[in-house]
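*Asks:* So the protein sequences, as listed, match chains A, B and C.
Read the first sequence against our numbering and you will find it ends at 273, with the numbers running on by one and no gaps.
Read the second sequence against our numbering and you will find it ends at 1311, with the numbers running on by one and no gaps.
Read the third sequence against our numbering and you will find it ends at 2326, with the numbers running on by one and no gaps.
Note that these hints are calculated values from the structure, not bench results.
Here the structure is a predicted model, which is why all the values come from computation and not from measurement.
Where hints are given, some of them may not hold.
Below, computed lysine to aspartate or glutamate pairings styled on EDC-like, alpha-carbon distance capped at 16 angstroms [what the hints assert, rightly or not]:
hint : chain 1 : residue 1 : chain 2 : residue 2
1    : C       : Lys2088   : B       : Glu1220
2    : C       : Lys2088   : C       : Asp2074
3    : C       : Lys2151   : B       : Asp1305
4    : C       : Lys2004   : C       : Asp2074
5    : C       : Lys2125   : C       : Glu2136
6    : B       : Lys1092   : B       : Asp1079
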Amino acid sequence: MKFGTNLMLGGALFAMVIIAGIFAPWLAHTDPVMAADLMYAEEPPGSAFWFGTDAQGRDIYSRVLYGARISLTVGIVSQLINTVIGVCLGLSAGYWGGWWDDFVNGLTNLMLAVPSLIFALAIMAILNPGLTSLLIALGLTNWSFTCRIARASALSLKSQGYVQAAKVLGYGDLRIMLTQLLPNMLGPIIVIGTLGMGGAVLAEATLSFLGLGIRPPFPSWGSMLSDAREQITTAPWISIFPGLAIFVTVLGLNLLGDGLRDILDPHSRSRRA
Amino acid sequence: MLSYLVRRILQTVPIILAVAFLVFVMFSVIPGTFAASLSDDGRAIVDVTVVERMNKEFGLNDPLYVRFGKYVGQLAQFDLGMSFRTRQPVTKVLADRMWPTLQLSFAAMLFAIAIGVPLGFIAAMRSGSFVDTISMVVAVSGLSLPKFWLGLLLMYLFALVLGWLPSFGYGDGSLRYLILPSIALGVAPMALLARTTRAAVLDIMNADFVRTARAKGMSESRVVRWHLTRNALVLILTTVGLQFGTVIGQAVVVEKLFSWPGIGSLLVDSVTLRDIPVVQGAILAIVLFFLFVNTLVDVLCAVIDPRIKYT
Amino acid sequence: MTTKPLLEVEHLRIDLAIGDARFAAVQDVSFTIMRGETLGLVGESGCGKSITALSLIGLLRPPLNLSGGAVRFDGQEIQNLPADEMRKLRGNRIAMIFQEPMTALNPLSTVGRQIAEMFVLHKGKSWAEAERLAIEALVSVRVPAPERRVKDYPHQLSGGMRQRVMIAIALACDPDLLLADEPTTALDVTVQAEILDLIKDLCAARGTAVLMISHDLGLIANMCQRVGVMYAGRIVEERAAEEIFQAPRHPYTNGLIASLPLLGARARHGRQRLKEIAGVVPPVAAFPQGCRFHPRCYAASETCRAVDPVETHLPQGGFVRCHHHV
Chain A
1 MKFGTNLMLG
11 GALFAMVIIA
21 GIFAPWLAHT
31 DPVMAADLMY
41 AEEPPGSAFW
51 FGTDAQGRDI
61 YSRVLYGARI
71 SLTVGIVSQL
81 INTVIGVCLG
91 LSAGYWGGWW
101 DDFVNGLTNL
111 MLAVPSLIFA
121 LAIMAILNPG
131 LTSLLIALGL
141 TNWSFTCRIA
151 RASALSLKSQ
161 GYVQAAKVLG
171 YGDLRIMLTQ
181 LLPNMLGPII
191 VIGTLGMGGA
201 VLAEATLSFL
211 GLGIRPPFPS
221 WGSMLSDARE
231 QITTAPWISI
241 FPGLAIFVTV
251 LGLNLLGDGL
261 RDILDPHSRS
271 RRA
Chain B
1001 MLSYLVRRIL
1011 QTVPIILAVA
1021 FLVFVMFSVI
1031 PGTFAASLSD
1041 DGRAIVDVTV
1051 VERMNKEFGL
1061 NDPLYVRFGK
1071 YVGQLAQFDL
1081 GMSFRTRQPV
1091 TKVLADRMWP
1101 TLQLSFAAML
1111 FAIAIGVPLG
1121 FIAAMRSGSF
1131 VDTISMVVAV
1141 SGLSLPKFWL
1151 GLLLMYLFAL
1161 VLGWLPSFGY
1171 GDGSLRYLIL
1181 PSIALGVAPM
1191 ALLARTTRAA
1201 VLDIMNADFV
1211 RTARAKGMSE
1221 SRVVRWHLTR
1231 NALVLILTTV
1241 GLQFGTVIGQ
1251 AVVVEKLFSW
1261 PGIGSLLVDS
1271 VTLRDIPVVQ
1281 GAILAIVLFF
1291 LFVNTLVDVL
1301 CAVIDPRIKY
1311 T
Chain C
2001 MTTKPLLEVE
2011 HLRIDLAIGD
2021 ARFAAVQDVS
2031 FTIMRGETLG
2041 LVGESGCGKS
2051 ITALSLIGLL
2061 RPPLNLSGGA
2071 VRFDGQEIQN
2081 LPADEMRKLR
2091 GNRIAMIFQE
2101 PMTALNPLST
2111 VGRQIAEMFV
2121 LHKGKSWAEA
2131 ERLAIEALVS
2141 VRVPAPERRV
2151 KDYPHQLSGG
2161 MRQRVMIAIA
2171 LACDPDLLLA
2181 DEPTTALDVT
2191 VQAEILDLIK
2201 DLCAARGTAV
2211 LMISHDLGLI
2221 ANMCQRVGVM
2231 YAGRIVEERA
2241 AEEIFQAPRH
2251 PYTNGLIASL
2261 PLLGARARHG
2271 RQRLKEIAGV
2281 VPPVAAFPQG
2291 CRFHPRCYAA
2301 SETCRAVDPV
2311 ETHLPQGGFV
2321 RCHHHV
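If we strip away everything but chain A, and leave its shape as in the complex, we get (with noise of 0.2 angstroms):
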């Protein structure tokens, strides 16, 4: 693939997903929850339903346009929480060292023994299913890789120096830490971010699926999935399009992450695939 088109692509996809969750109120045909006429259940796709329409005879492409607000907001959040943990154990760790770093070292190393999707599904568990429980079950299972990341950067960063210099002028530790080492630091962790970002929207959409994240009516696209099953003889469709957002947003994310890679991170590019 030539150089940028990753990028281009990638970004391309996101963006359609991101207009289709804001200007959803506009884009939609019908309310997505409310809009149920089981005169029009099962419908397939035509002119006045796009994407056709579920058991209950709501609008697909509505529920899918409205999908997109929960699945951008659980990816962007729940990773932007993950990056945050990530940011502050790694670079903590790493550059003050002792029984701090052997601490976030074996908590990082927990976290890495437990399957993460296996993680979030036991916190999902304890908590009330909805959207808040999702954030903090995503956003606490998925930092130990940017936590790495982070730690060897500010290990190798710490003996530069220039790090130096800043610690003779008196510089404070946090005062270094955020102006010396972050944003040396930062094209990596953005790369594993959008990357994250992917692969939270695959767990909210599996949670949600499995019946612990967003419970029916609201319109996850797990969820839908997760109805459309009984549905797959009769009406296929209903299983299509919320899959294919889920696929498209995915997709998008991690083109834009293998694209950023490519920009901000060119000599990891061949290590972590």
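Start from chain A and add chains B and C according to the hints.
*Replies:* Quick look at chains B and C alone, frame taken from chain A:
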């Protein structure tokens, strides 16, 4: 070598203990008890005396530290407690579900390796060609597909439209039932393996020692077989190990979709029913398996790569 | 001597492909090496020395390729040899050692096996026999305790030891020609001398001709009978070693020699700033018109900017490629 193995195994002990502690604490602060959840579900009407009796029976009225002490004591004897719901020992419930999950995970990884590694290899050998572009498009798409959606589509096409394969369930445990779920589960690791393999092979193809091998007068096929493959294998093996763990985690959703009677669907069902001992046991089992595979891969890598020190 | 030269390179051209465009990374390079002779190729990095050597044994990889000229080895044209014919030559009759002893050996194989491979590949030996020969090869490159060393992996050896192993591999099959691409650049100064002596002694004893590539003039002066100076993909001056160092003809050679720190005569005239050649080697795609050295040359004239100089052959042998050669 043996001491390396022992050390690697010992290193996992604190992690296992920490996970056990975490899992215990998480599910001890859980709002709502199992007994109360019975009435929540509206499946059974339970009066106060029954709730009281059940709490007593399962020791749920004791203070937290007493319960954790008991829990650790039980763990040491490989006793994971009794299922709230079926009143069977959790170990037995897990043992019944272990085999299908292992089957599914192995089949998915087999699919991932059989397709992903050759795909990445070919892509790297013809880097920049049409084949390369196509395989990388396949790879990035595979990584972006939600498993349950892919599963639904496979189910629709191969089971409902074409009627070639059963749509869900374990059936008699024959291979036919295994195909669709393992593809749904295996596509993502396949995609990742294709990308890793391609990157590893490209890296090594440009390595100095491969140039040395050519300068020695070695034939191209021998360079590929002897120098390239073995060196790429270490990188690929590491990815396989990591992906194996992920697959066990992700199996949850595929098992649920295909009504596959494994640990994953057990976990989801038990979460919904608040059958805490089973949830705890299932999570521990998954983590144990994950650690086991990763340790195994580390040891294998150490066997292949002399640079990894046994110390 | 009236014998035929071992290696004759005529009007060699190497193209670099960038997209659909082709640029001559090496152009019109000709030289000969007699049996047992050592020819030095010297120049700054990026001037085409290494790819010239790689092209001789068909090891150029895209985007580089050999696009013109002739390479005659022992009377036979080899630039278009089929792959497996070339392979029989490579390692067997023309061997090569590289700059990076850290990465030039396969990290997953024992050094013994990597040496033994040569005997299996070219001499049809069994692995057992080859492993025994590998120990002898290590003895010849003066590696202590060779019986133990053959079982070591490259990461267990020092840089100097690894380069000895590389030499053992290269000389395993008694080649006629050794291409040595910056063989000591990556090593400690003390080790450099040992390795150079080793190459010198072994090749002299076996009558192996050497193409020694380096940016280090001192090294070249010490090792070579004749020297070719390369700049921007061309040989700009090629003469006997003593002559070129005493009376350089090309302004670039002059600049290279003037930039050497000398402890002898010049140092006695008091402290002097080392002279340097202003500017850098231009990238392949941006070689200038006319003489390629003119933007950095103190003697550049209008002619130099417009007309590409040709080789001027000198009465005492060798040539220089300059309009103003001194």
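*Asks:* Starting from B:Lys1092, check that the Cα of B:Asp1079 is at most 16 angstroms away, please.
*Replies:* holds, 10 angstroms
*Asks:* Mind checking the alpha carbons of C:Lys2125 and C:Glu2136 for me, to see if they're no more than 16 angstroms apart?
*Replies:* holds, 14 angstroms
*Asks:* Between the alpha carbons of C:Lys2088 and B:Glu1220, is the straight-line distance 16 angstroms or under?
*Replies:* Status holds; Cα separation ~13 angstroms.
*Asks:* Holds or violated: are the alpha carbons of C:Lys2088 and C:Asp2074 at most 16 angstroms from each other?
*Replies:* With Cα atoms ~14 angstroms apart, C:Lys2088 and C:Asp2074 stay inside 16 angstroms; holds.
*Asks:* Does C:Asp2074 sit within 16 angstroms of C:Lys2004, going by the straight-line distance between their CA atoms?
*Replies:* Since the Cα atoms of C:Lys2004 and C:Asp2074 sit roughly 8 angstroms apart, the hinted pair holds (cutoff 16 angstroms).
*Asks:* Given the hint that C:Lys2151 pairs with B:Asp1305, test it: the Cα-Cα distance must not exceed 16 angstroms.
*Replies:* OK: C:Lys2151 and B:Asp1305 at ~14 angstroms, within 16 angstroms.
The structure meets every hint from the earlier list without exception.
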